[in-house]
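These are the residues of each chain, in order.
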Amino acid sequence: MILLECKELTKKYGNRTALSNINLQIESGHIIGLLGPNGSGKTTLIKLINGLLEPDSGTVCINGKPVGVESKSVISYLPDHTYLNGSMRVRDIMDFFDDFYEDFDSMRAYDMLAKLQINPNHKLKTLSKGTQEKVQLILVMSRRARLYILDEPIAGVDPAARDYILGTILSNYEETASILISTHLISDIENILDEVIFIQNGMLRTHASVDDLRQKEHKSIDTIFREVFKC
Amino acid sequence: MSWNLDSDRPIFIQIIEKIQMDIISGLYHPGDKLPSVRDLAQEASVNPNTMQKALSELERTRLVYSLRTSGRFITEDTAMIEHLKSELAKEIIAQFLSNMQKLGIQKEEAISLISEISKGDCHDTVRM
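These protein sequence lines map, in sequence, to chains A and B. Under the numbering used here, the first sequence has 173 at position 173, and the numbering climbs by one with no breaks. Positions in the second sequence are counted from 1; adding 1000 to them yields the numbering used here.
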């Protein structure tokens, strides 16, 4: 079943083309890596899917419907910058999410907080940068969404917590949901991916199964990336 | 992370090899029930779809069979397991001989080295 479909999607900033004619289909039940060098258009694509930007042309459909209130209710989005109020306590932010999203599972969230030894009574801004990122990721992964879109989810997180987070993503994985992860830490996540999407200069370069690519190239996705995008 | 998978080869193939090895080495006995796809995927830190693909392939080769409601089991065909074991042993030996060849050591010399080492005559090498 097709969860996300982009058709001839183009986005320009002034006269600079950020995304050009993207055609993309994502089925449910998959974990997909969105990979590309800095400035290749990953975040622009993610913002279009989330309705935070309007395309210049082309369409985005989630579950067969255009981007809107309904699509936002089934997408759980981790942006590359935080939007949470740092003076709120972690506990209050949990309540905030619980009020805001029908599909928020606060049991799951508190369980993850405990596993990562984060005290819910602390104010967000008193936590380290990495811990703040963990809190935000916990919030996003505790929703029972159809599509999770994670923009650089593990960049500031230590390797041990990274393993825990990837484990969490795997254990929460459901066949009806898909996860789109944009990251530069390819070697850390490539074993959990089904598919990769390579974007270069706003164009879709490859969309393929990870194991097929490995079989064809006899190389890791990380190595393929380094070769394709060699500076 | 205990599965030690390389990232330059397809994951599902490595999973197949790992489970074959677990069967040959006796970690799984004939007729044993395999853990669920989800549990195995979690243990190996891989995508459940990839685990599913590997198990389907093992089923296709009949090393594993599934009962619709109760899960997946290791074959009870011990002859098949023995056969797999000898195939794998042959593969490892062929690989070894080709590595020896790269060192410029011919078959006969390699074989006599093996018997020397396995008798414990060649302590230095053993210690290594």
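Hints should not be assumed to be uniformly reliable.
[As the list claims (entries may be wrong)] Computed beta-carbon distance windows for the label pairs:
#  : chain 1 : residue 1 : chain 2 : residue 2 : range
1  : B       : A1089     : A       : K230      : 53 to 59 Å
2  : B       : F1073     : A       : P37       : 44 to 50 Å
3  : B       : N1004     : A       : H81       : 34 to 40 Å
4  : A       : T82       : B       : S1086     : 55 to 61 Å
5  : A       : R89       : B       : D1039     : 33 to 39 Å
6  : A       : T176      : B       : Q1106     : 57 to 63 Å
7  : A       : T17       : B       : R1062     : 50 to 56 Å
8  : A       : T176      : B       : K1018     : 26 to 32 Å
9  : B       : R1060     : A       : K129      : 45 to 51 Å
10 : B       : S1086     : A       : N38       : 48 to 54 Å
11 : B       : E1109     : A       : S171      : 49 to 55 Å
12 : B       : K1033     : A       : T176      : 42 to 48 Å
13 : B       : F1073     : A       : R91       : 45 to 51 Å
14 : B       : E1057     : A       : H81       : 25 to 31 Å
[Unchecked claim] Here are a few chain A residues that face chain B, going by a calculated C-beta distance under 7 Å:
#  : residue
15 : I31
16 : L170
17 : S171
18 : E190
19 : N191
20 : I192
21 : D194
22 : D211
23 : R214
24 : Q215
25 : K219
26 : S220
[Stated by the list, open to error] Lysine to aspartate or glutamate pairs mimicking DMTMM-like chemistry, simulated, CA-CA at most 25 Å apart:
#  : chain 1 : residue 1 : chain 2 : residue 2
27 : B       : K1018     : A       : D56
28 : A       : K230      : B       : E1091
29 : A       : K216      : B       : E1017
30 : B       : K1033     : A       : E174
31 : A       : K115      : B       : E1043
32 : A       : K219      : B       : D1008
33 : A       : K219      : B       : E1057
34 : A       : K216      : B       : D1077
35 : A       : K219      : B       : E1076
36 : A       : K230      : B       : E1057
37 : A       : K219      : B       : E1043
38 : A       : K216      : B       : E1091
Calculated from the structure, these hints are not laboratory results. Cβ atoms here follow ideal geometry from the backbone N, Cα and C, with glycine treated the same way.
Quiz item: Is 42 to 48 Å right for how far apart the beta carbons of B/K1033 and A/T176 are?
Solution: Cβ of B/K1033 to Cβ of A/T176: about 27 Å, so the range 42 to 48 Å is violated.
Quiz item: Per the CB criterion, is A/K219 less than 7 Å away from chain B?
Solution: holds, 5 Å
Practice problem: Verify the proposed pairing of A/K115 with B/E1043, using a straight-line Cα cut of 25 Å. | Solution: holds, 18 Å
Quiz item: Taking the beta carbons of A/T176 and B/K1018, is their distance inside 26 to 32 Å?
Solution: holds, 29 Å
Quiz item: Per the CB criterion, is A/S171 less than 7 Å away from chain B?
Solution: Hint holds; A/S171 Cβ to chain B Cβ min 6 Å, cut 7 Å.
Quiz item: Cβ-Cβ distance between B/N1004 and A/H81: within 34 to 40 Å?
Solution: Check passed, 36 Å falls within 34 to 40 Å.
Exercise. Below or equal to 25 Å on CA atoms is what counts here, so check A/K219 against B/E1043.
Key: Distance ~24 Å between A/K219 and B/E1043 Cα, so the pair holds.
Quiz prompt | B/R1060 paired with A/K129, Cβ distance criterion 45 to 51 Å | solution = holds, 48 Å
Practice problem: With a cut-off of 25 Å on the C-alpha distance, tell me whether A/K230 and B/E1091 pass. | Solution: violated, 37 Å
Exercise. Indicate whether the distance between the beta carbons of B/S1086 and A/N38 respects the range 48 to 54 Å.
Key: holds, 53 Å
Quiz item: Falls inside 25 to 31 Å, the C-beta gap from B/E1057 to A/H81?
Solution: Given about 43 Å between the Cβ atoms, the range is violated.
Quiz item: Is the straight-line distance between the alpha-carbon of A/K216 and that of B/E1017 25 Å or less?
Solution: It holds: about 19 Å lies between the C-alpha atoms, which stays within 25 Å.
Hint compliance for this structure: hints 1, 12, 14, 27, 28, 34, 35 and 36 are not met, and every other hint is.
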